[in-house]
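Could you build all of it, start to finish, from the sequences and the hints given here?
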Amino acid sequence: RVAFVCLLVVAGTELFAQQAELFNPMKDALKTGNAKEVVKFFNTSVDMDIEGTVDSYSKTQAEFVLRDFFKKHPPTDFNIVHTGSSKGGLQYAIGRYNSNGENYNVMLRVKEVNKVNLIHEINFVKE
Numbered sequence: 002r003v004a005f006v007c008l009l010v011v012a013g014t015e016l017f018a019q020q021a022e023l024f025n026p027m028k029d030a031l032k033t034g035n036a037k038e039v040v041k042f043f044n045t046s047v048d049m050d051i052e053g054t055v056d057s058y059s060k061t062q063a064e065f066v067l068r069d070f071f072k073k074h075p076p077t078d079f080n081i082v083h084t085g086s087s088k089g090g091l092q093y094a095i096g097r098y099n100s101n102g103e104n105y106n107v108m109l110r111v112k113e114v115n116k117v118n119l120i121h122e123i124n125f126v127k128e
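Our numbering runs 1 ahead of the 1-based position in the sequence shown.
It should be emphasised that the hints constitute simulated quantities derived from the structure, not laboratory data. It should be emphasised that the depicted structure is a prediction, and the values quoted were computed from it without experimental measurement. Keep in mind that a hint or two might mislead.
[Claimed, not checked] Once the Cα atoms are required to be at most 27 Å apart in a straight line, the calculated DSS-like pairs of lysine-lysine come out as:
hint, residue 1, residue 2
1, Lys60, Lys41
2, Lys60, Lys73
3, Lys32, Lys60
[To be verified] Quick list of the computed label-pair ranges, beta carbon to beta carbon:
hint, residue 1, residue 2, range
4, Lys116, Asp69, 29 to 37 Å
5, Val117, Ser57, 26 to 34 Å
6, Phe65, Lys88, 28 to 36 Å
7, Gly53, Lys116, 32 to 40 Å
8, Val114, Thr77, 28 to 36 Å
Virtual Cβ for every residue (Gly too), placed ideally from N, Cα, C.
As structure tokens, this is what we get:
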């Protein structure tokens, strides 16, 4: 019984480490506020919710939308506060984006495409 609990703790810790490793480059790109770096992690199309404006964009269009957001709200900090996965295997991360006293909750949903994990949805919701 104790061995089973230990196994669960070790497995959970390893999964968290793998998810953190997956999202670290994305986190670093968002922290810089450089849209060109962020879209390197985007699928060919991405669903975005930027302050209530919801749409599906090509990678190129998404770069312009993000660039505009970063220009209006330059990052002072960004951190991942939670990661997880769905039963269908989708990985997700919830982060906190700070910009000059404004706070946004950020949701990233990632799918594996040709053995590469790519963002297919990103949301910035002001607190």
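Checked hints:
1. Lys60 / Lys41: holds, 9 Å
2. Lys60 / Lys73: This hinted pair holds, its Cα atoms lying about 20 Å apart.
3. Lys32 / Lys60: holds, 19 Å
4. Lys116 / Asp69: 29 to 37 Å: With a Cβ separation near 32 Å, Lys116 and Asp69 satisfy 29 to 37 Å, so the hint holds.
5. Val117 / Ser57: 26 to 34 Å: Given about 20 Å between the Cβ atoms, the range is violated.
6. Phe65 / Lys88: 28 to 36 Å: holds, 34 Å
7. Gly53 / Lys116: 32 to 40 Å: The hint (32 to 40 Å, Cβ to Cβ) holds, given that Gly53 and Lys116 are roughly 34 Å apart.
8. Val114 / Thr77: 28 to 36 Å: holds, 32 Å
The structure does not agree with numbered hint 5 stated previously, though it agrees with all others.
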